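As a plain string of letters, each chain reads:
Protein chains: 2
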Amino acid sequence: MLKTVPRVPALLLDLDGTLVDDVYEHALAWQEAFEEVGIPLTVWRIHKQIGMSGSLFVESVLEDSGRHLAAAEIERVQKLHAAAYERRFHQVRPLPGARELLVHCSQNHIKQAIATSADRDSAQRMLKLLDIDPEFPIVTCDDVPDSKPHPGLFLEAAGRLDCPISQCVIVGDTVWDQLAARRASTIGVGVLTGGYTEDELCRAGAYRVYRDPAELRRHLCELGIQMKH
Amino acid sequence: MLKTVPRVPALLLDLDGTLVDDVYEHALAWQEAFEEVGIPLTVWRIHKQIGMSGSLFVESVLEDSGRHLAAAEIERVQKLHAAAYERRFHQVRPLPGARELLVHCSQNHIKQAIATSADRDSAQRMLKLLDIDPEFPIVTCDDVPDSKPHPGLFLEAAGRLDCPISQCVIVGDTVWDQLAARRASTIGVGVLTGGYTEDELCRAGAYRVYRDPAELRRHLCELGIQMKH
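Protein chains in written order, with the numbering used here: chain A, 4 to 232; chain B, 4 to 232.
Chain A extracted, bound-state conformation (with noise of 0.2 Å):
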């Protein structure tokens, strides 16, 4: 058992919302999608429910609004939603430490994997907003047939770093990273900076919160990750 135990463990990191700062413009999107297929949503509700794979996401919306779509309107809305973020990329910016995170942890060999419920594309030109190596271990909604809440992202991302999944830190912006954490068995991590409380994330299981990627790059030790050895 000692054997599998490694002697740090490794960051699976959200992306959107944890190390992008999109989730405003994404809320905002979906409300102009919704209502293009005549339904009126306001974007507190919405922002409560981003960070779901888009098709629960798009169930979740559905059902707190009492209304049905066809699956062809439904596909139809995720074209709206895509059109209505991308009129709003160029107002996206990297969140406060997220590069620095990143690099501090590939110079010191801490392992490291982003896992996101974004398709490929997004998630490459969001490396390119970091400034990241498009080499970069990153698992996508491409990857896996099930996204977040599901774990299978997380899990697929430690696989892809040879480290057991309880030897993970999730880390991410939302519940349902925490909710994903749990099912997976592992140790979740919150940050503030997709507008949810510590409250909220504490109490879906977060185990430390931080404000940002920056406070979290400077408490890595809480985490157990030891830099020098």
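What the hints contain is simulated information worked out from the structure, not anything from laboratory work. Since the structure is predicted, the reported quantities are computational estimates derived from the model, not experimental observations. Do not rely on the hints blindly, as some may be mistaken.
Given that identical chains are not distinguished, each listed pair holds provided it fits within a single copy or across any two copies.
Said to hold, decoys possible - Below, computed lysine to any residue pairings styled on SDA-like, alpha-carbon distance capped at 20 Å:
(1) K51 to I135
(2) K51 to C205
(3) K131 to P43
(4) K82 to E35
(5) K51 to E62
(6) K82 to S63
(7) K51 to P99
(8) K131 to Y88
(9) K82 to C108
With chain A's structure known, arrange chain B on it following the hints.
Just chain B now, kept in the frame of chain A:
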């Protein structure tokens, strides 16, 4: 003393985020404005400070970012924000049940007024969006020297309704409305439409928290507001 206690309390309502769904547009507009003067901000931090008076908001954001701006630059940021918000206004919608709440109270002779940190022109435009009579009682930052969380707006509104402030219920989506209610020694009620959680609003002093104006209207009895007698 009994003479000063009316049969039912009056409602003093915040506007942006409480009756109108525009908090997320404001947050992104502020981010854009500050970036133009060289101050990058994360959207969630802006979000958590919205609802204060404009000048206090700017001071709070600057303090948070550790930056300083001269008076002329602050004025410029405020103008940039107004322009950036204007470009997003086409997406702003009334919140569920907002108009119905106001109409319902009018029809039942419940005293009510809007008290908003916005200026008179912005407030009038919102009344139009809500399809509410422009003569609706409304107090804006043009009417009092200090805005939220100073209680001045609410005290002035209570005065106009000729109702003791202690017999008014203040309804708002932010913790700043709740702080103003406490400073006015009266009762605050929260709505979730601004993206704050029930926990945050209750800890700030909210007596009750409702999902949106629609749910508030269905529960007016819980605030001692009786329609029939």
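Hint by hint, here is what the structure shows:
1. K51 to I135: neither (29 Å within a copy, 30 Å between copies)
2. K51 to C205: Classified as both; 15 Å inside a copy, 19 Å across copies.
3. K131 to P43: between (34 Å within a copy, 19 Å between copies)
4. K82 to E35: within (11 Å within a copy, 26 Å between copies)
5. K51 to E62: within (14 Å within a copy, 28 Å between copies)
6. K82 to S63: within (18 Å within a copy, 38 Å between copies)
7. K51 to P99: Between. Shortest inter-copy distance 17 Å satisfies the 20 Å Cα cut-off; intra-copy 22 Å does not.
8. K131 to Y88: Only inside one copy: K131 and Y88 sit 17 Å apart there, 29 Å across copies, limit 20 Å.
9. K82 to C108: Neither. Shortest intra-copy (36 Å) and inter-copy (41 Å) distances fail the 20 Å Cα cut-off.
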